[in-house]
Amino acid sequence: MKKKALLSILTALLLLVTSLPALAAPETVDVYDNGTASGLMIVKKPETSVSSTTKQMYTLSAVCVSGSEVSLYSYDKEAGVFRLKRDGAGNALVQNVNALGLYLQEVDLKKETNNLLLRCEYGEGNYQHVRLDITLLDQGLLDSIRGFAANFRSIFGGW
Amino acid sequence: MKMKKEKLKTGILLILICSAITLAANVWFGSGIWPQGYDYFVTLPSRAFFSQFFGQGQPYISPMENLAKPQKLVVTNGEKRAVYYNSDTFFSSFYDLINAFFKEVLINEGAVFMSTEVGEEEWYDVLRNDELLDTRSLYFSYTTAFSPSLFAKVCGVEGTWLEKHVSAMQEMILAPIGDTGTDVLLYVRDHTDGKIKKFYINYSGKSDLYARITGMEENANYSYAFELNLHDSVVGIGGGVEQKVVMDPLILISPRSSQNGVITGENPIGSAADTEALLSVFNYRERGVNRFTGTDGTMHFVENYGSINLYPDGLVEYYAVDEKKGVNILPAEGGSASLYDALNGAVSFAARVWSSLVPDQPFDALVSSDLVENESGDYTFTLDYYYEGTPITISARDMSHAAEIHVKDGRIVEYRHLLRRFRETGKTVESVPMISAMDNMYARFAAEEDQIRITNLFLSYVEDTKPGEKHPVWCASIMGREDLVIDAPDI
Chain A
936 MKKKALLSIL TALLLLVTSL PALAAPETVD VYDNGTASGL MIVKKPETSV SSTTKQMYTL
996 SAVCVSGSEV SLYSYDKEAG VFRLKRDGAG NALVQNVNAL GLYLQEVDLK KETNNLLLRC
1056 EYGEGNYQHV RLDITLLDQG LLDSIRGFAA NFRSIFGGW
Chain B
4 MKMKKEKLKT GILLILICSA ITLAANVWFG SGIWPQGYDY FVTLPSRAFF SQFFGQGQPY
64 ISPMENLAKP QKLVVTNGEK RAVYYNSDTF FSSFYDLINA FFKEVLINEG AVFMSTEVGE
124 EEWYDVLRND ELLDTRSLYF SYTTAFSPSL FAKVCGVEGT WLEKHVSAMQ EMILAPIGDT
184 GTDVLLYVRD HTDGKIKKFY INYSGKSDLY ARITGMEENA NYSYAFELNL HDSVVGIGGG
244 VEQKVVMDPL ILISPRSSQN GVITGENPIG SAADTEALLS VFNYRERGVN RFTGTDGTMH
304 FVENYGSINL YPDGLVEYYA VDEKKGVNIL PAEGGSASLY DALNGAVSFA ARVWSSLVPD
364 QPFDALVSSD LVENESGDYT FTLDYYYEGT PITISARDMS HAAEIHVKDG RIVEYRHLLR
424 RFRETGKTVE SVPMISAMDN MYARFAAEED QIRITNLFLS YVEDTKPGEK HPVWCASIMG
484 REDLVIDAPD I
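Protein chains in written order, with the working numbering: chain A, 936 to 1094; chain B, 4 to 494.
The set of hints was computed from the structure by calculation and includes no laboratory data.
Since the model is a prediction, treat every value here as computed from it, not as a measurement.
Certain hints may be false.
[To be verified] Computed cross-link-like contacts, DSS-like style, restricted to lysine-lysine with a CA-CA straight-line distance of at most 30 Å:
| id | chain 1 | residue 1 | chain 2 | residue 2 |
| --- | --- | --- | --- | --- |
| 1 | B | Lys430 | B | Lys411 |
| 2 | B | Lys106 | B | Lys200 |
| 3 | A | Lys1020 | B | Lys411 |
| 4 | B | Lys200 | B | Lys75 |
| 5 | A | Lys1012 | A | Lys1046 |
| 6 | B | Lys328 | B | Lys411 |
| 7 | A | Lys1046 | A | Lys1020 |
| 8 | A | Lys1046 | B | Lys83 |
| 9 | B | Lys83 | A | Lys1045 |
Could you put together the complete structure from these sequences and hints?
Shown next, in the form of structure tokens:
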């Protein structure tokens, strides 16, 4: 009788495990892990790996292989690893990319250089990493680079 | 004692006279007792001469007032950005600024101290707020493209120097230069050839404009497609992935869902009196009209020079048999029909049709056909319904607009109007995220096309005349497809 109950529990557990998505973003990613694949994702915004912005609520965009899973990590200085980012409610910032292959993710930047990592995983063991260093400029810093902005204005003939 | 009795008698007599008058008025002006076609007194208030006494002389003509109002307004104040539609609370204050600007500037060529043609990059740079450009700008777009002279007219002035530079205008940007002085930049995209004209303007109200923009503290997280590089399939870090969707640069994208109101739609024609009120707008006289009802419930009204069909779902159709005997919409018979006169007449006519049936609700519609003058005097205008700033897409019968009006030489020769009254239910629903909606739309064409180009993407109610509640769904215009793609499985 006990054996039957144990068998039932084991079967249920097995079913539960197999029904979970095959892809699951790891909680941490090593800084030296450069991924195992390429050609899974193109990061559209930001355009470059190192960038600056004045927008605290920043939207990342990417085009990815259909059916892939994209997760966002931020660098944990103390642990020296990239850690899976979570929203205010504690949900991991992981998205499954559908047929269109479009990925959009809003991220609340800190007023410093934000070391982020995008991981696109497709199939077992195939994943691509893209590192993004985005510096959020605060007002004081922005004031100090007014000259820079003024140069832009001169390009537009007064704007 | 006798005196008291006399006074009582007089009092009773007065009460009886008053009640007789009241009851007689009710019988005359009420709609209950009159047979169809003979309710002369019921339609009396809507007749031209009497309308002024009954307070119906000036129907709501929101579409004409709305012509000068942009459909969408995007305020960018540094990193902050807000998007307002034409019935939003904050829309009016910005619209007042724009209107004041045009009223002063459109007729004053001396205020323009330089003009030049610029490229797309500058147009985007004046709008973007993700870089370090310290952007302060107002972008506004209209549902229709105007000739500059017509635009000036709807702004309340006659003629404009813009005619020398631009053929048709639909999108513009106002950007105050710096926090001092009176210099403002006006960018106008020519709708005809897509070229962008930039004007340096001396404007006395610049400080108000600057203060209002820099005082805007709202920050809805909208990004233009060009800011997310989704308008371009080349830019990006990495490679080897096919970009399946390319978007028009100025489509506004939000990763968030929004809360939207739920409404219902119904045919406002509910009684014989409604039908008579509607016929009277077309100047159909009771005695000269042959009327019959089809098996599907459609009512047909045939006169010597035209016919009206009134469908059970609220579609009203009018056709003039003889184009010279169509419904005159000009102030005087035989006058010349400029674009403005024809438009004004057509829109006022549609508003009269509306207010004959729904007098307590403004005719919330915007003109959606391009408004460019031609010499033939032959114009087709289309109007679209809006509810609280959200467009209502028509998907019923073969109509895609709320009203289609064909005007020839100052007369309406063909008129189709899907009359629907919209009411709020007090409920709200969360919209499907934009990205999920695009996924659903793409799934429909995945087998047919590798890459789709979305030229417009917006939330809209869809009126298919089916009973039940309606909430906004995503609609997209896709290049190469004439019909609007709607993210709703049952439409």
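Taking the hints in turn, this is what the structure says about them:
1. B:Lys430 with B:Lys411: Between Lys430 of chain B and Lys411 of chain B the Cα gap is close to 44 Å, so the pair fails against 30 Å, i.e. violated.
2. B:Lys106 with B:Lys200: holds (19 Å)
3. A:Lys1020 with B:Lys411: This hinted pair is violated, its Cα atoms lying about 63 Å apart.
4. B:Lys200 with B:Lys75: The hint holds at about 20 Å.
5. A:Lys1012 with A:Lys1046: holds (16 Å)
6. B:Lys328 with B:Lys411: The hint holds at about 11 Å.
7. A:Lys1046 with A:Lys1020: Holds: Lys1046 of chain A and Lys1020 of chain A sit about 17 Å apart, inside 30 Å.
8. A:Lys1046 with B:Lys83: holds (16 Å)
9. B:Lys83 with A:Lys1045: Roughly 17 Å between the alpha carbons, so the hint for Lys83 of chain B and Lys1045 of chain A holds.
When held up to the earlier numbered hints, the structure conflicts with 1, 3 and fits the remainder.
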